[in-house]
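Trainee: Please work from the sequences and hints to get the whole structure.
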Amino acid sequence: MDQHNNFTDHPKASTAAQISKEAGHNTDHRKKSSSHLNRHLTTITVNDKDYMVIKAIGRGGTSKVYSAITPSGKICAIKVVDLTGADELIRTSYFKEITLLENLRGCETIVQLYDWEVQDLRDELIVVMEHGSTDLAVFLKKEDPRKMADWHRISFWKQMLLAVDLIHKKGIIHCDLKPANFIIVEGKLKLIDFNIADAIQEDETSIKREMTVGSFNYMAPEAIVDTRQKGFRYKGKPSAKIGRKADVWSLGCILYYMVYGRTPFQSIMDNVEKLCKIIDPHYNIDFPDVANTVWVDVIKKCLQRDPNERASIEELLNLDLYKGDQRA
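According to UniProt numbering, the sequence shown is numbered sequentially starting from 1.
I should point out that these hints are in silico values taken from the structure, not numbers from a laboratory.
Hints may contain errors.
Stated by the list, open to error - The list that follows gives simulated cross-link-like pairs (lysine-lysine, DSS-like), each with its CA atoms no further than 25 angstroms apart:
#1 188 - 79
#2 188 - 64
#3 277 - 301
#4 79 - 64
#5 301 - 158
#6 300 - 147
#7 277 - 300
#8 170 - 301
#9 158 - 170
#10 142 - 188
#11 170 - 241
#12 142 - 55
#13 158 - 141
#14 141 - 300
#15 64 - 141
#16 241 - 300
#17 241 - 301
#18 274 - 301
#19 96 - 170
#20 241 - 96
#21 188 - 141
#22 274 - 241
#23 277 - 241
#24 49 - 74
#25 301 - 169
#26 169 - 158
#27 300 - 169
#28 300 - 274
#29 141 - 274
#30 64 - 96
#31 79 - 55
#32 64 - 49
#33 74 - 64
Said to hold, decoys possible - Per label pair, the in silico range of CB-to-CB distance:
#34 88 - 147: 41 to 51 angstroms
#35 147 - 187: 12 to 22 angstroms
#36 270 - 187: 32 to 42 angstroms
#37 283 - 312: 16 to 26 angstroms
#38 266 - 147: 17 to 27 angstroms
#39 40 - 308: 51 to 61 angstroms
#40 312 - 138: 22 to 32 angstroms
Where a beta carbon is used, it is the ideal one built from N, C-alpha and C, also for glycine.
Mentor: Here you go:
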């Protein structure tokens with residue numbers, strides 16, 4: 001498949017649900033297949049194109065990421081996802097991400113999708129993408145963010161805002177913004193991982209979730225589904241109604257980390273207690289003194305529990321913070 005073809009043009013199916021179903025139709029055959037994840041690879045073939053593997057650079061529960069060289073000599077990242085045993089919901093989430101990345105091709109602030117293929121023989125999804133030198137989480141662990149120069153912090157912050165502003169204008173809410181989901185490509189931040197992102201319907205301003213998904217330390221209050229309450233319900237079930245402002249909260253948590261070296265709720269070790277504190281309007285977030293108090297003001301604009309009182313991306317981009325420093 002040419003990398004410019006749309007997901008919906010794939011010869012096997014016209015929807016993510018259909019193709020994910022077809023990819024998993026033969027469970028007996030899958031049991032006999034050997035996954036790429038447990039093999040030493042020298043080349044990976046995607047749509048009849050051979051990619052030379054350099055090394056493995058990451059691994060998750062059902063996926064492995066390699067750095068590789070394209071047929072034209074370009075460095076790329078290849079993600080191999082083992083679909084064996086994956087249910088329809090999980091399969092659909094992977095192909096939904098492919099669809100979103102297809103729609104975001106050519107956007108400079110988003111990691112670029114080069115090619116992809118479902119390989120039925122091994123029941124794997126293989127995705128060829130733009131390669132980054134590292135992600136922001138790794139960078140911040142190596143470099144104490146509290147010692148980061150203001151111009152550098154401003155530069156990263158503005159790049160994150162621009163990336164999120166772009167997907168919001170395209171009707172996409174990321175839902176899982178965190179440092180690990182921004183990679184550094186030639187010195188610039190790019191947004192990755194749209195696995196749980198959702199597209200907003202044209203006549204709506206939010207999405208609805210029946211379960212709590214995302215990274216707890218960066219999760220907005222409205223993204224937490226509280227099954228104990230009689231709040232918002234969707235199709236008869238407890239549900240969270242999530243708008244673009246949920247991503248603003250997550251960005252505020254990232255900025256908090258870049259200023260204080262930790263996230264606002266990181267010290268709370270119990271996850272249930274953590275989620276309760278996030279949604280508790282009486283729990284005060286700690287803001288220790290810092291040399292540049294402007295950062296505290298910006299973070300507070302993001303970490304308003306009421307989404308209506310939270311700053312928008314546009315408001316954050318219009319702050320005087322970015323003026324006068326040509327390096328930002």
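Trainee: Hint by hint, say whether it matches the structure.
Mentor: Right, here's what the structure says about each hint:
With a CA separation close to 21 angstroms, the supplied pair residue 188 and residue 79 stays within the 25 angstroms bound. For the proposed pair residue 188 and residue 64, the alpha carbon gap of about 24 angstroms is at most 25 angstroms, so the pair holds. A threshold of 25 angstroms between alpha carbons decides the hint, and for residue 277 with residue 301 the separation of about 18 angstroms falls inside it, so the pair holds. Restraint check for residue 79 and residue 64: satisfied, since their Cα atoms lie roughly 6 angstroms apart, inside the 25 angstroms limit.
For the hint linking residue 301 to residue 158, the alpha-carbon distance of about 15 angstroms falls within 25 angstroms, and the restraint holds. Distance hint between residue 300 and residue 147 is fulfilled; the C-alpha atoms sit about 21 angstroms from each other, no more than 25 angstroms. About 16 angstroms separates the Cα atoms of residue 277 and residue 300, which keeps this hinted pair within 25 angstroms; it holds. Proposed proximity of residue 170 and residue 301 is supported: the alpha carbons are some 24 angstroms apart, at most 25 angstroms.
Restraint check for residue 158 and residue 170: the C-alpha separation of about 19 angstroms stays at or below 25 angstroms, so the hint holds. Of the supplied pair hints, the one linking residue 142 and residue 188 holds, its CA atoms being roughly 17 angstroms apart against a limit of 25 angstroms. For the suggested pair residue 170 and residue 241, the alpha carbons sit about 19 angstroms apart, so the restraint of at most 25 angstroms is met. With a CA separation close to 22 angstroms, the supplied pair residue 142 and residue 55 stays within the 25 angstroms bound.
Distance check on the hinted pair: residue 158 and residue 141 sit about 20 angstroms apart at the alpha-carbon level, within 25 angstroms; holds. Of the pairs offered as hints, the one joining residue 141 and residue 300 holds, with about 24 angstroms between alpha carbons and a cut-off of 25 angstroms not exceeded. For the given pair, residue 64 sits about 22 angstroms from residue 141 by alpha-carbon distance, which is consistent with the 25 angstroms threshold. Restraint check for residue 241 and residue 300: satisfied, since their Cα atoms lie roughly 22 angstroms apart, inside the 25 angstroms limit.
About 21 angstroms separates the Cα atoms of residue 241 and residue 301, which keeps this hinted pair within 25 angstroms; it holds. Under the criterion of a C-alpha separation no larger than 25 angstroms, the hint pairing residue 274 with residue 301 is consistent with the structure, at around 21 angstroms. With a C-alpha separation of about 15 angstroms, the suggested pair residue 96 and residue 170 falls inside the 25 angstroms cut-off, and the hint holds. For the hint linking residue 241 to residue 96, the alpha-carbon distance of about 20 angstroms falls within 25 angstroms, and the restraint holds.
A hinted pair counts as satisfied when its Cα atoms are at most 25 angstroms apart, and residue 188 with residue 141 qualifies at roughly 18 angstroms. With a C-alpha separation of about 20 angstroms, the suggested pairing of residue 274 with residue 241 holds against the 25 angstroms cut-off. Proximity of residue 277 to residue 241 is assessed by CA-CA distance (about 19 angstroms); at most 25 angstroms being required, the pair is judged to hold. For the hint pairing residue 49 with residue 74, the CA-to-CA distance comes to about 13 angstroms; that is within 25 angstroms, so the pair holds.
At roughly 21 angstroms between alpha-carbon atoms, residue 301 and residue 169 fall within 25 angstroms of each other, so this suggested pair holds. Restraint check for residue 169 and residue 158: the C-alpha separation of about 16 angstroms stays at or below 25 angstroms, so the hint holds. Restraint check for residue 300 and residue 169: satisfied, since their Cα atoms lie roughly 24 angstroms apart, inside the 25 angstroms limit. At roughly 19 angstroms between alpha-carbon atoms, residue 300 and residue 274 fall within 25 angstroms of each other, so this suggested pair holds.
Taken as a hint, the residue 141 and residue 274 pair is honoured in the structure, with Cα atoms around 22 angstroms apart against an allowance of 25 angstroms. Simply put, residue 64 and residue 96 have alpha-carbon atoms about 19 angstroms apart, close enough for the 25 angstroms limit, and the pair holds. The suggested pairing of residue 79 with residue 55 holds, with an alpha-carbon distance near 12 angstroms, which does not exceed 25 angstroms. Annotation: proposed proximity of residue 64 to residue 49 holds, straight-line Cα distance about 19 angstroms (limit 25 angstroms).
Our distance criterion of 25 angstroms between C-alpha atoms is met by residue 74 and residue 64, whose separation comes to about 20 angstroms. A C-beta distance of roughly 47 angstroms is found between residue 88 and residue 147, which places it inside the suggested range of 41 to 51 angstroms. Separated by about 19 angstroms at the C-beta atoms, residue 147 and residue 187 satisfy the suggested range of 12 to 22 angstroms. Residue 270 and residue 187 have their C-beta atoms about 39 angstroms apart, which keeps the hinted 32 to 42 angstroms range intact.
Taking the beta carbon of each, residue 283 and residue 312 are about 24 angstroms apart, inside 16 to 26 angstroms as hinted. The hint said 17 to 27 angstroms for the Cβ distance between residue 266 and residue 147, and at roughly 18 angstroms that hint holds. Taken as a hint, the range 51 to 61 angstroms holds for the pair residue 40 and residue 308, whose Cβ atoms sit roughly 54 angstroms apart. Range check, residue 312 to residue 138: about 30 angstroms between beta-carbon atoms, so the 22 to 32 angstroms window is met.
Comparing the model with each numbered hint stated earlier shows that all of them hold.
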